[in-house]
Amino acid sequence: MELSLDDVRRIAQLARIAITDAEAAATRDQLGNIFDLIEQMNAVDTTGIEPMSHAQDLTLRLRADEVTQTDERERFLALAPETERGLYLVPQVIE
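For the sequence shown, my numbering assigns the number 1 to the initial residue and increments by one for each residue that follows.
It is possible that some hints are incorrect.
Stated by the list, open to error - Between beta-carbon pairs, the in silico distance windows are:
hint	residue 1	residue 2	range
1	L77	D36	41 to 49 angstroms
2	R63	I17	54 to 62 angstroms
3	L3	R73	48 to 56 angstroms
4	Q92	V67	47 to 55 angstroms
5	M1	A22	56 to 64 angstroms
6	D65	Q30	56 to 64 angstroms
7	I94	Q30	49 to 57 angstroms
8	Q56	L14	34 to 42 angstroms
9	E95	A12	52 to 60 angstroms
10	G86	D6	55 to 63 angstroms
11	V44	T83	42 to 50 angstroms
12	D6	L87	29 to 37 angstroms
13	T83	G48	55 to 63 angstroms
14	M1	E23	15 to 23 angstroms
These are calculated hints, taken from the structure and not from any lab test. Glycine is no exception: its CB is placed at the ideal position from the N, C-alpha and C atoms.
The task is simple: from the sequences and hints, build the whole structure.
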């Protein structure tokens with residue numbers, strides 16, 4: 001995919017980035033390299049290959065699911081200026 005300098009300037013404007021003409025030309029070249037790489041990756045035949053969540057087949061070490069902290073909800077609610085049915089009451093900020 002070929003980008004023009006106008007395309008790069010428009011992308012920069014949408015991203016709220018101020019760039020010079022020299023930066024736009026360099027960015028166009030860099031984006032062109034990225035698009036070329038994407039085209040090469042799309043050309044690879046992946047028929048029969050299952051998608052993976054990670055590039056390496058790793059298994060995570062598991063630990064026991066144990067409670068490590070006590071429930072201090074009531075103590076924290078007691079410190080709040082206003083509560084109702086276990087919830088913090090705050091001033092309305094959106095009408």
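Structure-based check of all given hints:
At about 58 angstroms, the CB distance of L77 to D36 disagrees with the hint of 41 to 49 angstroms. Between R63 and I17 the C-beta distance comes to about 44 angstroms, which lies outside the given range of 54 to 62 angstroms. Judged by the Cβ atoms, the range 48 to 56 angstroms given for L3 and R73 holds: they are separated by roughly 55 angstroms. In this structure the hint that Q92 and V67 lie 47 to 55 angstroms apart at CB is violated, the actual value being about 36 angstroms.
A C-beta distance of roughly 22 angstroms is found between M1 and A22, which places it outside the suggested range of 56 to 64 angstroms. Here the CB-CB span from D65 to Q30 is close to 46 angstroms, at odds with the stated 56 to 64 angstroms. Range check, I94 to Q30: about 42 angstroms between beta-carbon atoms, so the 49 to 57 angstroms window is missed. A hinted range of 34 to 42 angstroms holds for the C-beta pair Q56 and L14, which are about 36 angstroms apart.
The hinted window of 52 to 60 angstroms between E95 and A12 is violated, with their beta carbons roughly 37 angstroms apart. Evaluation of the 55 to 63 angstroms hint for G86 and D6 yields a pass: the beta carbon distance comes to about 57 angstroms. Checked against the given bound of 42 to 50 angstroms, the beta carbons of V44 and T83, roughly 58 angstroms apart, lie outside it. For D6 and L87, the Cβ-Cβ distance of about 53 angstroms falls outside the hinted range of 29 to 37 angstroms, so the restraint is violated.
In this structure the supplied range 55 to 63 angstroms holds for T83 paired with G48, their Cβ-Cβ distance being about 58 angstroms. Between M1 and E23 the beta carbons are some 20 angstroms apart, a value that agrees with the proposed interval 15 to 23 angstroms.
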